[in-house]
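A.B. asks: Under UniProt numbering, the first residue of the sequence shown is numbered 1, with each subsequent residue one higher.
No lab work stands behind these hints, which were simulated from the structure alone. Warning: the hint list may mix true and false statements.
Claimed, not checked - Only pairs whose alpha carbons sit at most 20 angstroms apart, straight line, appear in this in silico EDC-like list of lysine to aspartate or glutamate:
no.	residue 1	residue 2
1	K612	D379
2	K389	E124
3	K389	D139
4	K590	E546
5	K55	D198
6	K389	D59
7	K48	D138
8	K461	E204
9	K392	D62
10	K389	E67
11	K612	E546
12	K461	E560
13	K392	E204
14	K389	D379
15	K389	D347
16	K48	E120
17	K389	E45
18	K48	E67
19	K461	D552
20	K48	E64
21	K590	E456
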Amino acid sequence: MRSLRRSTSSDRSLRPWMIVGGLFLLLVLLGLLALPFRKAPAAAESAKADLEAAKAALDTGDVEAAEASVRSARRHADVLQDAVQGIGGDVWSWTPVVGGSVRDVRRLGNALDEITSVAETGVELLPLVRGDEGTLVDDGDVDLDVLAEVTSQIDTVSSRVERARSELADVADERPLVGARLAEARDAALDQVAPVSDGLETIEPLLDVLPRILGSQADRQYLLAVLNPSELRYSGGTPLTFATLDLAGGQLTMSEPLDTETAPGVGQPRYWKKVKGNRFHRGRLNVLTSTMAPDWTVSGNELANAWRSLRGRRMSGVIVVDVVALADLVALTGPLELPSVGMVNADSLVETLVGSYDTYADPVQRKAINRALAPVFSDRLLSGGDPVKTGKTLARAADERRFAVFMRDPEEQAAFGDLGLTGALGPGDRDYLGVFTQNREPSKTDYWQRRAVRSEVSVRKDGSAHVRLTVDVHNDSPPYLQPGTDPRTGYFTRWADLSVLTMLPEDAEFTGGTVDGMTTPITRSNFYGRTYQRTSIEFAPQARHELIVEYDVPSVATVEGDGTLRYGLAMDPQGIVQPQSVEVRVRFPKGLEVTGLPAGWSSSGTRVAAFKTDALETSEVFEVTAAP
1 MRSLRRSTSS DRSLRPWMIV GGLFLLLVLL GLLALPFRKA PAAAESAKAD LEAAKAALDT
61 GDVEAAEASV RSARRHADVL QDAVQGIGGD VWSWTPVVGG SVRDVRRLGN ALDEITSVAE
121 TGVELLPLVR GDEGTLVDDG DVDLDVLAEV TSQIDTVSSR VERARSELAD VADERPLVGA
181 RLAEARDAAL DQVAPVSDGL ETIEPLLDVL PRILGSQADR QYLLAVLNPS ELRYSGGTPL
241 TFATLDLAGG QLTMSEPLDT ETAPGVGQPR YWKKVKGNRF HRGRLNVLTS TMAPDWTVSG
301 NELANAWRSL RGRRMSGVIV VDVVALADLV ALTGPLELPS VGMVNADSLV ETLVGSYDTY
361 ADPVQRKAIN RALAPVFSDR LLSGGDPVKT GKTLARAADE RRFAVFMRDP EEQAAFGDLG
421 LTGALGPGDR DYLGVFTQNR EPSKTDYWQR RAVRSEVSVR KDGSAHVRLT VDVHNDSPPY
481 LQPGTDPRTG YFTRWADLSV LTMLPEDAEF TGGTVDGMTT PITRSNFYGR TYQRTSIEFA
541 PQARHELIVE YDVPSVATVE GDGTLRYGLA MDPQGIVQPQ SVEVRVRFPK GLEVTGLPAG
601 WSSSGTRVAA FKTDALETSE VFEVTAAP
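Please put together the full structure from these sequences, using the hints given.
C.D. replies: As structure tokens, this is what we get:
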């Protein structure tokens with residue numbers, strides 16, 4: 001039988017010291033395991049600074065500096081990962097109190113590692129797509145094999161960005177000892193990552209269909225129309241210069257530019273199948289009047305149909321760009337030489353081409369200048385320069401309603417729509433502000449048009465509202481310079497005969513309108529669920545006229561359970577040479593106080609929110625909150 005040894009008092013006295021010693025040893029080991037963590041903050045800050053430096057270098061076109069900064073960011077990101085992802089990090093991540101913070105630090109490290117990999121991919125792609133050495137675009141042709149490689153790399157980037165976003169989303173709002181410091185780092189990173197993630201998600205549908213658009217499966221033909229903002233349609237400038245773009249396997253062939261002189265019939269009334277529901281298409285129109293609908297998803301379709309009726313070929317799509325947007329592209333690529341004009345740059349192009357009809361009075365000379373515009377767009381778009389800057393320029397032009405794309409294929413149209421490039425009107429489910437004028441005579445006086453718009457909104461407790469919209473138009477034309485009397489029409493007149501259209505929100509009810517204080521005939525109708533009104537006004541040189549429109553809207557604001565109102569407003573500009581000024585004043589019911597204002601808005605008193613701009617250049621969507 002095994003003997004049992006009874007513990008002595010000395011044995012018992014050793015046990016606490018053994019326990020204390022063991023704990024001390026454990027703390028020493030944990031401390032040793034934590035030593036690498038001391039490198040983490042400095043490495044993270046250095047990597048962040050490197051990535052910011054890389055972005056700044058790319059913005060200035062210094063690719064070599066960007067590559068050097070990305071290499072440095074990788075070194076620092078690796079130091080960070082070595083510090084927090086080893087066995088020490090494994091052990092510390094499961095210790096009481098500090099374990100959660102350690103896990104969050106590791107998540108931040110993982111996110112930084114992914115973003116650094118994204119930057120590495122970015123600088124690897126640059127030689128393929130940018131500059132004279134780029135292989136994606138060569139002399140206007142797109143290499144579809146290189147495009148496939150670029151698309152594959154972008155897919156990889158998208159996956160990495162999503163993993164980074166997921167890691168950041170798992171960081172807690174607060175942890176013991178460190179409080180909200182890690183959450184603040186998370187939020188700062190998400191502010192940078194989220195827009196990239198959203199942008200990649202938006203562009204992926206276009207990348208999926210882009211080879212098809214470029215003629216990978218079948219030849220494609222598109223109509224390019226250059227718009228002249230000195231002669232307006234509701235949609236923007238009148239299309240006066242045209243060219244067809246043929247794409248086969250990425251190879252581009254552009255036709256000779258056409259205009260009213262070289263494309264007989266563009267000004268002759270004709271029939272074609274109108275777009276279903278388009279109230280602006282009645283009877284016979286011509287190519288030049290086909291784009292009256294203010295929404296380019298409709299007008300682009302009408303223009304494609306009109307061109308088919310004229311030339312007998314079905315277009316795969318339509319691209320429209322106005323002269324102001326062309327000037328922005330010229331700002332990227334440098335001056336160009338135009339026939340009979342000489343060198344023009346971004347600052348002089350608009351005035352030279354659409355504001356100097358007295359200077360270039362010879363119609364033949366004028367037509368030659370107009371025909372030179374179409375190649376400007378294709379050459380600048382496919383120059384092989386900086387695709388990122390070109391893309392940003394065209395995206396802003398689309399926001400300004402100076403550039404739009406219409407595609408016959410619904411999937412392709414949806415891809416451009418996701419990017420905001422189709423010229424669709426803004427949402428009208430709450431309040432909406434859109435003022436559009438159309439030249440009723442073939443003249444160029446819209447070049448001098450000045451417009452001021454003021455909207456006064458009285459919101460009711462149920463979310464409905466009464467709106468008083470004031471539109472002041474000034475025909476700021478100079479004296480007539482040609483011999484004889486001003487004919488009030490044509491290239492040189494200073495008179496303007498305008499149709500003024502105000503597009504209202506969905507289900508709005510028109511309650512009254514005046515011109516210069518006098519009741520006047522106003523045409524009212526419906527455009528795909530939106531009420532609109534229009535009236536004709538003649539403007540002598542330097543004349544001003546004021547149109548007032550009043551209407552009720554059943555729901556400009558959503559109503560929450562506690563009575564809080566969220567007023568929504570979408571605004572669209574028209575592509576005029578001088579953007580209109582806009583002032584909006586929103587008054588909420590008694591008992592409510594403005595509690596949430598978007599950028600650019602201010603409060604006047606407790607119940608009034610106001611917005612004012614001297615130039616509404618881009619489409620905008622706002623939400624203003626008022627609470628009890």
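A.B. asks: Quickly compare the C-alpha distance for K389 and D347 to 20 angstroms and report which way the hint goes.
C.D. replies: 18 angstroms, holds
A.B. asks: Against the 20 angstroms threshold, does the CA-CA distance of K48 and D138 hold or violate the hint?
C.D. replies: Cα-Cα ~35 angstroms, so violated.
A.B. asks: Mind checking the alpha carbons of K48 and E120 for me, to see if they're no more than 20 angstroms apart?
C.D. replies: 14 angstroms, holds
A.B. asks: Measure nothing beyond the straight line between the CA atoms of K461 and D552; if it is 20 angstroms or shorter, mark the hint as holding.
C.D. replies: The given pair, whose Cα atoms are some 14 angstroms apart, holds under the 20 angstroms limit.
A.B. asks: Is the hinted pair K389 and E45 satisfied, with a Cα-Cα distance of at most 20 angstroms?
C.D. replies: 29 angstroms, violated
A.B. asks: Taking only the CA atoms, is the gap from K590 to E546 under or equal to 20 angstroms?
C.D. replies: Answer violated: K590 to E546 is near 31 angstroms, above 20 angstroms.
A.B. asks: Could you grab the alpha-carbon distance between K590 and E456 and see if it respects the 20 angstroms cut-off?
C.D. replies: Holds. K590 to E456 sits at ~17 angstroms (cutoff 20 angstroms).
A.B. asks: Does E67 sit within 20 angstroms of K48, going by the straight-line distance between their CA atoms?
C.D. replies: 15 angstroms, holds
A.B. asks: Run the distance test for K389 versus D139: straight-line Cα separation, threshold 20 angstroms.
C.D. replies: 18 angstroms, holds
A.B. asks: Check the hint pairing K612 with D379 against an upper bound of 20 angstroms on the C-alpha distance.
C.D. replies: Violated, at roughly 38 angstroms.
A.B. asks: Would you mind confirming whether the straight-line C-alpha gap from K389 to E124 stays at or under 20 angstroms?
C.D. replies: It holds: about 18 angstroms lies between the C-alpha atoms, which stays within 20 angstroms.
A.B. asks: Check the hint pairing K392 with D62 against an upper bound of 20 angstroms on the C-alpha distance.
C.D. replies: 18 angstroms, holds
Going through the hint list in order, the structure does not satisfy hints 1, 4, 7, 8, 17.
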